[in-house]
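Undergrad: Sequence:
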Amino acid sequence: MLGSRNGHRRTARSADGALIGVEDLEPPRWAEVDQKVAGAGLWQTVHELPMAARLVVGLSFRASPGRTVLAGAVQLASGCAAAFGLFATAGVLTQLLTAGPTPERVVASLPAIAAVVVAFALRGLLDSAVSAVQGVLMPLVRRAAQDRLNSAVADVELLAWEDSDFQELARQGGYQGVQAVESSVRSIASISSALVSLAAALITAALLNPWLLPALLVPTVAEAWASMRAAKQGYVNFLSLVTRRLRLHVVENLLVARDVGTERTALNLQDSLLTEHRRIADQVTEEAIRAEHRQTWTRLIGRTLAGAGTGLAYCVLGVLLYIGAMPLAIAGAAVIAMRAAASSLSTTMVSVNRLYEHSFYLRFYTQLIAESARRRRPATGVPVPRNPETIRLENVSFTYPDADEPALVDIDLTLHRGEVVALVGENGSGKTTLGKLITGLYPPTEGRVLWDEVDLATADAHSVYEQVALIDQDPARWPMTADTNIRIGNLAAPEPYGATWETALRESGADEVLAKLPQGPGTVLSRQFRGGHELSGGSWQRLSVGRGIFRDHAAVLIADEPTAALDAKAESRVFAGLQRATKGSRDDAHRTTVLVTHRLANIRRAHRIVVMDSGRVAETGTHDELMRANGLYRELFTIQARAYSTEPSCRNCSTAPRRE
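In case it helps, UniProt numbering puts the sequence shown at residues 1 to 660.
Calculated from the structure, these hints are not laboratory results. Check before you lean on any hint, since a few could be wrong.
[What the hints assert, rightly or not] The calculated label-pair distances, taken between Cβ atoms and stated as ranges, are:
(1) L269 / S343: 53 to 61 angstroms
(2) V319 / L207: 12 to 20 angstroms
(3) V250 / I488: 23 to 31 angstroms
(4) H590 / A154: 30 to 38 angstroms
(5) A476 / E446: 24 to 32 angstroms
(6) A641 / A281: 49 to 57 angstroms
(7) A457 / R527: 35 to 43 angstroms
(8) L269 / A641: 21 to 29 angstroms
(9) V57 / E495: 46 to 54 angstroms
All C-beta atoms in this analysis are idealised placements derived from N, C-alpha and C, irrespective of residue type, glycine included.
All chains, full assembly: derive it from the sequences and hints.
TA: Encoded structure:
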């Protein structure tokens, strides 16, 4: 089947018990790739840790180089203070216990004891400084991460948002990814300090006796293995539930979304939505519990091995004492070092585990940025001509992402400057899609779209969009003041409230809308804000038409069903205004205007009418020419005209059989 989106594949199993109507949706492609990564061997994925650290530290430098260096220096100093305290403690114990603690030795060791006290007090002070610097740095890093993400996503081509995989990646990368960046700042800082302390403890133990070092490494390796494996299991579980969580998110939104509130209440869907939410939530919860059990067993094994390793270390210490390879005084210092190593190991593993968990979600962030770059049209430096004399489509075909059938096939069409061209046809015939190809919003799958002789595929995208005014059939409801909702069409207008403003209000009927608002043009149009106001669908369409007319520098104006929510009087006014708006603000700046509509009575005066049928151009001509041709246009027009006839039979509106 041909049509704008009718060719999408069904990638899910129908389920009669599911309110959404499908069960077991196919996971996004990026989730399938990540499942393979997560299923790889443990040591094959250890490189995720340095990747995560590089990303977060890089964002931190981007946010505040000075604070990043300060945080690292203070964190390192804190670890060094702890290391010095450990070395000093071992030295004091050795000095006191080697030949027995005598008053003279105690007095002689007082400076060393004072050094230990100062070292640990300094560490406490430095830890407080670390917390203070982190408290400032973390929101700065989050802002830098969000800004980088926003900059990457803002310029992706419009077609990317027709891809469900990209939509979900954007949702996860924008939430999970940015949150993971912020959380990783604390984890990296904690790892830095703990590693210094751990290294100091291991070095101290090794200096006291080399056999203690391998004994202490056993619990370290066991804890590391368990932590990383548990994190991997958690991430695999997350990936396996991506589609279920998406359905859960959809149902949660339906329970509270304002735009479906009227039908939700009128259709009495509250209980059905709650039942569906509980059903999906039960599935997610059950799987989460099973995953937690798997992770608990993994951690239990790791801690058991770590405990055995610690016991082995103390056994080694006992053997060294038994064979006389280590004096009792040095054994006391070794115990201190071993306890410090265990404490630092615990802190390190907790932080490493958190960073390892974050590293999986940081993949969303980096994948989204990389995918956004891939889906961004490169800046070519080739501008399109201003006010092109012709817009020509040569053998153009277009297929939506993941669709089996094309929405447009072999389109050959030429538009001339100053023309008012109407695109008409049945639902799904490709009218809206064709309008987006004419304006460069979508790139053709095959063929070329040329403004004069410049191929839009090679032109700089922003130079194209700068010359496009779009009035959408489902207009954006910008949560701004009413006047800004119109002026956003041309924020750089030299006279924002001049003659062009007055023309836009008058021709669109937006003047009547503004006059009825409680604060006039300064009324905020959003219920999200206290005191905000909401408009009817018809009023939003009038503002959208005003926005398109106000963008008077645009060479091409596309009006896609601009009057669907308007009454007959307002509709007639808007269509007349759009046809007058074909002439821009300058005498030589005639626009090319494309009207996409089902209301055929309002386009009789269009210079040309293009009739679409199943993604192809079926016929073109003026109203009179197409009525004489006795084709699809005449059939559609006659059906509409008959609906307005008051006579039992309307001889003038009768239609002869279409010539095929």
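Undergrad: Now tell me if each hint is right for this structure.
TA: Outcome of the hint check:
1. At about 56 angstroms, the CB distance of L269 to S343 agrees with the hint of 53 to 61 angstroms.
2. Taking the beta carbon of each, V319 and L207 are about 18 angstroms apart, inside 12 to 20 angstroms as hinted.
3. Range check, V250 to I488: Cβ separation about 29 angstroms, and the 23 to 31 angstroms hint holds.
4. Restraint check, H590 to A154: a C-beta distance of roughly 32 angstroms satisfies the suggested window 30 to 38 angstroms.
5. A C-beta distance of roughly 30 angstroms is found between A476 and E446, which places it inside the suggested range of 24 to 32 angstroms.
6. For the pair A641 and A281, the beta carbons lie near 53 angstroms from each other, so the given range of 49 to 57 angstroms is met.
7. For A457 and R527, the Cβ-Cβ distance of about 42 angstroms falls inside the hinted range of 35 to 43 angstroms, so the restraint holds.
8. Between L269 and A641 the beta carbon distance is about 39 angstroms. The supplied range of 21 to 29 angstroms is therefore violated.
9. Between V57 and E495 the CB atoms are about 49 angstroms apart, so this pair conforms to the stated range of 46 to 54 angstroms.
In summary, the one numbered hint that this structure violates is 8.
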